[in-house]
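Whenever a hint applies, use it, and build me the whole structure from the sequences.
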Amino acid sequence: MKSKEKRNFMLGSLILVLVISIGYFGISSASNTYAIDSGTSDTDATGGSCYYCSSNAPLKRYVWSSTTPTTACSGGNWRIKESRDTSSKCKSFTCNIYYKGENGLAIGIDDTIITDFGTITTSVPTKSGYIFDGWKIGNSTYSSGANFSCDTAGNYSAFAIFHKKPCKWTTATACENANPGYKCRSTDGTCWMKGDPISYTISYNANGGSGAPGSQTKTHGTDLTLSSTKPTRNGYKFSKWTTGKDGSGTSYAPGATYNANASITLYAQWISACKWTTADACQKANPGYTCKSTGTDGACWDVDKPSTYTISYNANGGSGAPGSQTKTHGTDLKLSSTKPTRSGYTFVNWNTKSDGSGTNYASGATYNTNANITLYAIWKTNSSGGDTTTKYTVSYNANGGSGTPSNQTKTQGTNLVLSSTKPTRSGYTFVNWNTKGDGTGKSYAPGATYSTDANLTLYAIWKTNASGGPVTKKYTIKFDANGGTGTTKEVVCDYGSKCTLTGNAFTRDGYEFTGWNTKSDGNGVSYRDGAVVKDLSSVDGSIVTLYAKWKANDVDVEEHVITFIHNDGTNRITVLAVDDNDTIPFIIPDRDGYEFAGWYTDVDLTKKYDFTTKVKGDITLYAKWTEDGYSSDKTDEEISNNSKTGDVMMFIVWTVGIGTLAYSVYYFKTRKEN
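Residue numbering for the sequence shown follows my numbering, starting at 10 and increasing by one per position.
Possibly wrong hints are sitting among the right ones.
[Claimed, not checked] Straight-line distance between alpha carbons at most 27 Å, and here's what the computed DSSO-like set of lysine-lysine pairs gives:
#, residue 1, residue 2
1, K487, K507
2, K431, K451
3, K362, K400
None of these hints come from the bench; they were simulated from the model.
Here's what the structure looks like:
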């Protein structure tokens, strides 16, 4: 027997020791088939022979094409017991491996062809949310690039095996809560992961102008430089951008940095390039003055010059009346000293009415009313020494006392000295006379001069001897929230005296407080917050209830301009902005030496305004005054502000110099600061 050569090699976990007999057979012409040694290579326990493939064959494990291997011969080599001739063959196998997904469909990885022994593809498939475990072929699992033995020729399917990755967030909400400012995404709806940052839109609103910048996009967590473009508006200058359309909220300059993580709209805020943008607005704000355009396009208006008024004279049956005079608004005019003549009559004075029932003016007197007027001559007959004017009666009322003076008669156009007689009353001391029984009218001392051409009743005013002070009636003003919440302190007022309302302390979600009203439905008389009032009740110990007025925050209401002409010789005008269909708040001005007698809609003071009327347009009101026996050092209620934290008072004063005249216009409006 020839010598033997042993060769060891490893296939998987099986170590094969292949003993090859050399020199006994040649290679067959058939592909991958080899002749079998016909000699005996070894003897098994039963005396049979073992045969081997030629040494020219690859060092791999083979099986025979016929005759099943039986018990091994000695030596532990791969061999079979054979008792056949040399026609038996030894051959190799070819395997085709196809790669598929778990669903059995191809996944785009090229097939692998293995002859006898080789490696699986090195490609690693992926699946979102999963981890690759290997290729399953039959009952075995192989990693990519692993060795594979082809024991039987044929086609093999390799299935990709995965297991699910651990899931950090199982709902979109949980993911978004853990990653504010970022979007979350999922491939299967059961596992969520952090995605891209959120983006925000910054929009621009020209707010009455034009040329607003285009919208910008800001990414979460980054800063954005706002547009440097400025819009334009005829008659206005751009001021800034704000988050509130009315100028409230946060302000931004063009080109400023925006770092908030939120979408917003920025509104342009404007400053008037002139005082008034229309002739009508200028005229309404400056009654008594003419206006002129200061721009080339009529978009800007300003005060030009004061209006003028004509004072005409009527001889009223006589002749020689003075010529007309011209008075400039806001200035005083000295009336003509020329007196007309009339046969059989003596000139007494001038009067605003031909029958002498109006206001008297002496020749050369001062005229300060801003209005056109005709003055009529008033005469008395020479023959009777009397006159043609009216007589007036002044009567006295002891008002609980006794010893009333007798009535007196006053002739039109003359002054009357009042009686010096004082009434008496047990337990009381006489103070003075007053045109009202409760002492709230005009006061006169005994022996004082009465010059008004009108009938008059004077009431005795008393003070108690025990207290030394006058008897005063009191009433209480209470405040109703009218749908709001909180507490506003009541106030006790003296009848006959001015009283300041307590500042509002009520609140109401979604609403803005706009003042008080005597009726819960807003159809009574309105008062501003902290207003000065007088004589809301004349009953001692009575209670007056004022109801809060509310305006919804999200309601945009047209506003009307209310102009108050004070007619007090100081050229003051108050301008209020009042919502459409609302009532004008009643205000009480002051004037030294006069008593306020109400607001009127005409310059002649004949049409008194009803403050329960709903406003439908712009209104001008004129103050009426009667002479008073005392002066006041209080500031006008309408230009005082009893504001609280959270209120913003928009308060503008225009002053126009005309010669030595200073003409002031006050405008204000209160809004809630958010």
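We went through each hint and held it up to the structure:
At most 27 Å may separate the alpha-carbon atoms for a hinted pair to count; K487 and K507 meet this at roughly 16 Å. Restraint check for K431 and K451: the C-alpha separation of about 17 Å stays at or below 27 Å, so the hint holds. Restraint check for K362 and K400: the C-alpha separation of about 16 Å stays at or below 27 Å, so the hint holds.
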